[in-house]
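Number of protein chains: 2
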Amino acid sequence: MNEKTIYTDTVKPEWTDYNGHLRDAFYMLIYSLATDAFMDRIGLDDTARRARNRSIFTLEAHINFLHEIKEGAKARVDAWVLGADAKRIHLYMEMFEGDNLQPISACEQMLLHVDTGSSPKSAPFDPDVANRINAMQDQRQQPRYAGRVIALPSASRESGAVRPA
Amino acid sequence: MNEKTIYTDTVKPEWTDYNGHLRDAFYMLIYSLATDAFMDRIGLDDTARRARNRSIFTLEAHINFLHEIKEGAKARVDAWVLGADAKRIHLYMEMFEGDNLQPISACEQMLLHVDTGSSPKSAPFDPDVANRINAMQDQRQQPRYAGRVIALPSASRESGAVRPA
Chain A
5 MNEKTIYTDT VKPEWTDYNG HLRDAFYMLI YSLATDAFMD RIGLDDTARR
55 ARNRSIFTLE AHINFLHEIK EGAKARVDAW VLGADAKRIH LYMEMFEGDN
105 LQPISACEQM LLHVDTGSSP KSAPFDPDVA NRINAMQDQR QQPRYAGRVI
155 ALPSASRESG AVRPA
Chain B
5 MNEKTIYTDT VKPEWTDYNG HLRDAFYMLI YSLATDAFMD RIGLDDTARR
55 ARNRSIFTLE AHINFLHEIK EGAKARVDAW VLGADAKRIH LYMEMFEGDN
105 LQPISACEQM LLHVDTGSSP KSAPFDPDVA NRINAMQDQR QQPRYAGRVI
155 ALPSASRESG AVRPA
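Those protein sequence lines, which keep their order, are chains A and B.
The numbering of the first sequence is the working numbering, which starts it at 5 and goes up by one.
The numbering of the second sequence is the working numbering, which starts it at 5 and goes up by one.
Only chain A is shown next, with the shape it has when bound in the complex (with noise of 0.2 Å):
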C-alpha cells in the first residue's frame, strides 16, 4: 500500500478461466472498480453524482496483461492522473500482486463527466472536483504502460513516455 494505492481486491473463482487464471475481461473489471473508487476520492461518489446529476463514463480504455495472478491472490490497483481538461481525465493505473513493485497489468482510460440531466451532456467539472482532480496529477512517476499503440510490428507513439515491454 502506498499514496496511490486507490484499490484492493482479491480474485474471486468465478473471474478465473479453466486454469484458475484471472480472465482478461475480469482484470478489466477489477480497473472499473477501482476507477468507481477513484470517482470517490475526486468527489464523486454515489450520493453527489445523484445529488448533482453528474457521472463519469469510460471513452476509451487501453489495457497491458503482463503476469498472470491466481485465484484467492490478492490484487491491488495505484492509480494517478496524468492529464485532464475541463470535461475529461487521462486516467493511469496499474495492477500488482500483494505488495509487489512490479506490476502484473497496467490499464490508461480516457474518462468523460457527463451532466446526466434530462438530455445527457458532457459538461465542465465542479471546481472541488477539479481541485481533486488536479491533486492527483504526478508529473514525477514515468507511467511505464502508456501512450502505446497496437500493431504488429510493434509500434508507439514516437513522441510518447513509451517503453515497448
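Hints are computed from structural coordinates only; laboratory data are not their basis.
Possibly wrong hints are sitting among the right ones.
Remember, identical chains collapse to one label, so a pair may be satisfied in a single copy or spanning two.
To be verified - Dumping the calculated DSS-like pairs for lysine-lysine here, alpha-carbon to alpha-carbon at most 30 Å:
#1 K16 / K74
#2 K91 / K125
#3 K16 / K125
#4 K125 / K78
#5 K74 / K91
#6 K78 / K16
#7 K125 / K74
Chain B: place on chain A using the hints.
Frame of chain A, contents of chain B only:
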C-alpha cells in the same frame, strides 16, 4: 449477422450498472467470449488446446466505448484479422446492438500463441491454424477504430488508419 459475425450474446442483468447499462468491463467480457469463439474458428477450440498443449494469451487490448447498451439487448461481435506473424495475431472486433450497422464499441487485441507444456513459452502456430488465421485477414475492410493512442489532447498514430471519434 454476416460472415464476420463470430459471437452473439444478450446483456445480462449482472453485467449492468445502476442505470441498467452494460458496465465497461463487461463489454470486455463479451469481447473475451468472442475471442474464445475466434479460437474455435481457427482450430484452437478447447479440445485442440488440451490435445496440443496450446493456448492463446491476450497481451494487450484497446477498447472504444461508443454507445450504451441496456440489459436484455442483443449484442453481436464482428471480427477480422488485421495482421499476424508466426506467433501473434492482431485481432479487430466491433460490437453492435442487434442488426445495426453502426458499432456501439470497438476492440483491438494482440494475441500470443503459447505452448502450455511444462514450461509455458510462446510458440509458432501450427500450419493448419496459420492457414485459418490467414483466411480471416481482410485488407479491404477499413478498421474504424484501430491504432489509437489515449492522450490529451487527442492524439493518434500519424501513419495509422485512424478516424478520431
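We went through each hint and held it up to the structure:
no. : hint       : result
1   : K16 / K74  : both (9 Å within a copy, 25 Å between copies)
2   : K91 / K125 : within (11 Å within a copy, 44 Å between copies)
3   : K16 / K125 : between (36 Å within a copy, 26 Å between copies)
4   : K125 / K78 : between (38 Å within a copy, 25 Å between copies)
5   : K74 / K91  : between (37 Å within a copy, 25 Å between copies)
6   : K78 / K16  : both (10 Å within a copy, 27 Å between copies)
7   : K125 / K74 : between (40 Å within a copy, 18 Å between copies)
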